[in-house]
Amino acid sequence: MKKFLASTVAASALALMLGMTSARAEDTIDPNAKQGGAITITYKDDVATLDPAIGYDWQNWSMIKSLFDGLMDYEPGTTNLKPDLAESYEISPDGKTFTFKLRHGVKFHNGREMTADDVKYSLDRVTNPKTQSPGAGFFGSIKGYEDVAAGKAESLAGITVVDPYTVKFELTRPDATFLHVMAINFSHVVPKEEVEKYGADFGKHPVGTGAFKLAEWTLGQRIVFERNSDYWHKGLPHLDKITFEIGQEPIVALLRLQKGEIDVPGDGIPPAKFQEVMADPEQKARVVEGGQLHTGYVTMNTTMAPFDNVKVRQAVNMALNKARIIQIINGRAVPANQPLPPSMPGYDKEYKGYPYDVAKAKALLAEAGHPDGFETQLFAMNTDPNPRIAQAIQQDLAAIGIKASIQSLAQANVIAAGGDKAGAPMIWSGGMAWIADFPDPSNFYGPILGCAGAVPGGWNWSWYCNKDLDAKAAEADSVVDPAKAPERDKMWSAIYDKVMEDAPWAPVFNEQRFTMKSARMGGADNLYVDPVHIPINYDNVYVKDVQ
Amino acid sequence: MIAYLGRRLIQSLLILLGVSLITFALLYLLPADPVRQIAGRSATPQTVENIRQQLGLDQPFIVQYWHYLTKLVSGDLGRSYIQRSEVTELIVSRLPASLLLMLGAILCELLIGLSMGLIAAVKRGTATDQTLMVASFVGVSAPQFVVGLLLLYVFAVRLSWFPIGGYGTWRHLVLPSLTMGILGAGWYARMMRSSMIDVLRQDYVRTARAKGIARGAIIFRHALPNAILPVIAMIGIDIGIFMGGIVVVESVFGWPGIGQLAWQAIQRVDIPIIMGVTLVSAFAIVLGNLLADIIAPFIDPRIKLR
Numbered sequence: 048m049k050k051f052l053a054s055t056v057a058a059s060a061l062a063l064m065l066g067m068t069s070a071r072a073e074d075t076i077d078p079n080a081k082q083g084g085a086i087t088i089t090y091k092d093d094v095a096t097l098d099p100a101i102g103y104d105w106q107n108w109s110m111i112k113s114l115f116d117g118l119m120d121y122e123p124g125t126t127n128l129k130p131d132l133a134e135s136y137e138i139s140p141d142g143k144t145f146t147f148k149l150r151h152g153v154k155f156h157n158g159r160e161m162t163a164d165d166v167k168y169s170l171d172r173v174t175n176p177k178t179q180s181p182g183a184g185f186f187g188s189i190k191g192y193e194d195v196a197a198g199k200a201e202s203l204a205g206i207t208v209v210d211p212y213t214v215k216f217e218l219t220r221p222d223a224t225f226l227h228v229m230a231i232n233f234s235h236v237v238p239k240e241e242v243e244k245y246g247a248d249f250g251k252h253p254v255g256t257g258a259f260k261l262a263e264w265t266l267g268q269r270i271v272f273e274r275n276s277d278y279w280h281k282g283l284p285h286l287d288k289i290t291f292e293i294g295q296e297p298i299v300a301l302l303r304l305q306k307g308e309i310d311v312p313g314d315g316i317p318p319a320k321f322q323e324v325m326a327d328p329e330q331k332a333r334v335v336e337g338g339q340l341h342t343g344y345v346t347m348n349t350t351m352a353p354f355d356n357v358k359v360r361q362a363v364n365m366a367l368n369k370a371r372i373i374q375i376i377n378g379r380a381v382p383a384n385q386p387l388p389p390s391m392p393g394y395d396k397e398y399k400g401y402p403y404d405v406a407k408a409k410a411l412l413a414e415a416g417h418p419d420g421f422e423t424q425l426f427a428m429n430t431d432p433n434p435r436i437a438q439a440i441q442q443d444l445a446a447i448g449i450k451a452s453i454q455s456l457a458q459a460n461v462i463a464a465g466g467d468k469a470g471a472p473m474i475w476s477g478g479m480a481w482i483a484d485f486p487d488p489s490n491f492y493g494p495i496l497g498c499a500g501a502v503p504g505g506w507n508w509s510w511y512c513n514k515d516l517d518a519k520a521a522e523a524d525s526v527v528d529p530a531k532a533p534e535r536d537k538m539w540s541a542i543y544d545k546v547m548e549d550a551p552w553a554p555v556f557n558e559q560r561f562t563m564k565s566a567r568m569g570g571a572d573n574l575y576v577d578p579v580h581i582p583i584n585y586d587n588v589y590v591k592d593v594q
Numbered sequence: 040m041i042a043y044l045g046r047r048l049i050q051s052l053l054i055l056l057g058v059s060l061i062t063f064a065l066l067y068l069l070p071a072d073p074v075r076q077i078a079g080r081s082a083t084p085q086t087v088e089n090i091r092q093q094l095g096l097d098q099p100f101i102v103q104y105w106h107y108l109t110k111l112v113s114g115d116l117g118r119s120y121i122q123r124s125e126v127t128e129l130i131v132s133r134l135p136a137s138l139l140l141m142l143g144a145i146l147c148e149l150l151i152g153l154s155m156g157l158i159a160a161v162k163r164g165t166a167t168d169q170t171l172m173v174a175s176f177v178g179v180s181a182p183q184f185v186v187g188l189l190l191l192y193v194f195a196v197r198l199s200w201f202p203i204g205g206y207g208t209w210r211h212l213v214l215p216s217l218t219m220g221i222l223g224a225g226w227y228a229r230m231m232r233s234s235m236i237d238v239l240r241q242d243y244v245r246t247a248r249a250k251g252i253a254r255g256a257i258i259f260r261h262a263l264p265n266a267i268l269p270v271i272a273m274i275g276i277d278i279g280i281f282m283g284g285i286v287v288v289e290s291v292f293g294w295p296g297i298g299q300l301a302w303q304a305i306q307r308v309d310i311p312i313i314m315g316v317t318l319v320s321a322f323a324i325v326l327g328n329l330l331a332d333i334i335a336p337f338i339d340p341r342i343k344l345r
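If you read the protein sequences in the order shown, they are chains A and B. Per this note's numbering, the first sequence starts with residue 48, numbered consecutively. Per this note's numbering, the second sequence starts with residue 40, numbered consecutively.
Treat the hints loosely; a few may be bogus.
[Stated by the list, open to error] Pairwise CB distance ranges (calculated): (1) B:Pro84 to A:Lys239: 28 to 34 Å; (2) B:Gln85 to A:Pro533: 44 to 50 Å; (3) A:Asn573 to B:Gly279: 51 to 57 Å; (4) B:Leu48 to A:Lys320: 47 to 53 Å; (5) B:Thr170 to A:Asn573: 55 to 61 Å; (6) A:Ala571 to B:Val131: 42 to 48 Å; (7) B:Leu53 to A:Gly337: 45 to 51 Å; (8) B:Pro84 to A:Asn573: 35 to 41 Å; (9) A:Arg435 to B:Gly279: 32 to 38 Å; (10) A:Gly152 to B:Gln85: 36 to 42 Å; (11) B:Gly279 to A:Pro402: 57 to 63 Å; (12) B:Leu146 to A:Val502: 54 to 60 Å; (13) B:Val196 to A:Asn573: 31 to 37 Å; (14) B:Val112 to A:Lys320: 46 to 52 Å.
Since the hints were made in silico from the structure, they are not lab data. Idealized CB from N, CA, C, for every residue including glycine.
Isolated chain A, as found in the complex:
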């Protein structure tokens, strides 16, 4: 007997659990939105690729979302899942089979209708080692993944095309994150004929089903998106055209915004200008502040003395004056006391964390057998403000007797040191900190706190491996029923509370996002700090000065 879950029921259950209002996809159009107009967005760096199987930086992430669609998506400005290319889905009671019904009449930019074969093709492609997708590992729970990843099969055995509008996924284990996985860019649907036509250059000639299509790409200068008039979601997008100007320093972008030449500086407000902007009421009114799924932390290598002693790690947690550290970045963050950021489901509001208490920290150090402290090294990335933050941490540590010398290195070198078991006793994560791939509590565990990440070249820089917690994490992720989501979140909260007892990290702050826009930009504030679209949700914003 199968238990069928209609998509609307699931969506409202999820919405309920997140305490946010739910709406059907068709209802999410802002009644005040105006149709038409063009905006300009600037970026410093080149856009690497617009291939959804490959693009994995915050700059192209959101652009790809506007060119392509996946089976699932999020309601604009929120972390609430909703079906997208899928019309509805069913999850089997054992949580191992997901069946998606596709929308009819969805067309690729080349005019061909998208069907279930395209969904299967896209996932076979992203998991194929020849594609070199950084996201291949997200699909590890699909049956047959191992064979494709090892090059033994070309196609995922667990995906079946039932009919042109139905696709069935069989998993090797119940996976509560699977609907999120179906919403990330790596699972977005691509047309086979276009991929084969352009080969490795598909990323420069993207063809999807998204709200916008690529109109022009002048390498190193400009990318232009044009409204897809055939978009299946009627009424979207509002804008006719988006121009991305590439190669503009953030400081130059801000000056151009002030002169009204551009609409959104994609790289944000340059730190050196932040206070000036916020002190000017006219400019401040055009800044939208929001949370982001980010935590900045200090890792302590739990396999290296003296950090193998939990008391030493707890002492470090009590030694840090987080409020002062936040001042260094002009208050653009909130203090953190646990790995999860506050906007993430599963964040434990009750948890108080370690207090800032120098005397107690000193006492703990003495108990651990280091009454006079010790010498160690603190690694940090060498771009501002990270060296300054590292210095503040250094001073805080000195106050309890720990003499840390700062190793300020290029990003890639810090990452290399963290992935080496004997590489780095302490790392300040700034500039490399974890930002969630999707809004689910499990995303902050596996790679950075679980045993799977505590391997050479991994991202678990504390080398913290608690088999008991790994088992609890697997248990939580097998709770697939969306109705039990609050229960699952509680399980995750408990896991992170236990992590904090062992204190492999000293969480420092959660960065806030500050998006600045021109006066003509319209739409709800949450579209400008959308948790999954950075800097803004291109499909749903509009301009006020069109007729």
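Chain A is fixed; fit chain B onto it per the hints.
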């Protein structure tokens, strides 16, 4: 002449080979793992290994270098790790912008440098001379990043005479060219001054003066053409200096040339692009020097090719 050219060409090829080997070795020795950069944070160890194999980065150094060289011979610079496009395409699409900027910079440095040098030589020993020489010294020593931002602030933001960065019209070209040109202008001013002073001391100038020819005519008709030639012959060597400068200047002004490409590639450990831009720059420098050497005897008969 032909023997000389042949010898210089072989030398140039050897230099380029050496540059490719050293750059390749340095990038190979970087502690940063490019595969991990490509694979990103969520990749499983298996994904990382798959990508390493696909890119041939599991091979020993000498094999990797050999593969690179054999492809290089056929003009293939490989594909960017991050952008996944062909490096040749990326460089070719950005080369015109860099060449245009260099042209603008040469124009600026000659115009400013030569006139400063000329005036200083003619007014030798006066306050004007001293002011100009101090200015040239400042020009030579000021960091281009600072000069660029200063020009940007004054002429684009405050006065709105020019656009704030970008590319497209001649107005976009002015400030970056000026920024690049100011450095060279300082050198040219000093060289022009001493070259002009030398010429003004020559007997034929004294003769002309004795014949009562007007001062202006002596300077512009008799002295200048002789003084300017050895200075102009230096342009070829400038290319090397420009290659260093475009990385900074293009980044400040958002100029879509190969300097900006290189800067981004360095930050992302995109080795094929770093290799490609380095080789193209080395090629340009070698070519510039070669041209300077070949042209020199035509400009100044005292120099002979050997």
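So, going through the hints one by one against the coordinates:
1. B:Pro84 to A:Lys239: 28 to 34 Å: holds (30 Å)
2. B:Gln85 to A:Pro533: 44 to 50 Å: violated (34 Å)
3. A:Asn573 to B:Gly279: 51 to 57 Å: holds (52 Å)
4. B:Leu48 to A:Lys320: 47 to 53 Å: holds (52 Å)
5. B:Thr170 to A:Asn573: 55 to 61 Å: Since the Cβ atoms of threonine 170 of chain B and asparagine 573 of chain A sit about 59 Å apart, the hinted range of 55 to 61 Å holds.
6. A:Ala571 to B:Val131: 42 to 48 Å: Once the Cβ atoms are compared, 44 Å apart, the range 42 to 48 Å for valine 131 of chain B and alanine 571 of chain A holds.
7. B:Leu53 to A:Gly337: 45 to 51 Å: violated (58 Å)
8. B:Pro84 to A:Asn573: 35 to 41 Å: holds (37 Å)
9. A:Arg435 to B:Gly279: 32 to 38 Å: Holds, at about 36 Å.
10. A:Gly152 to B:Gln85: 36 to 42 Å: holds (38 Å)
11. B:Gly279 to A:Pro402: 57 to 63 Å: holds (59 Å)
12. B:Leu146 to A:Val502: 54 to 60 Å: Given a distance of about 57 Å, which is inside 54 to 60 Å, the answer is holds.
13. B:Val196 to A:Asn573: 31 to 37 Å: Once the Cβ atoms are compared, 33 Å apart, the range 31 to 37 Å for asparagine 573 of chain A and valine 196 of chain B holds.
14. B:Val112 to A:Lys320: 46 to 52 Å: holds (49 Å)
Violated hints, in rising order: 2 and 7; the structure is consistent with all others.
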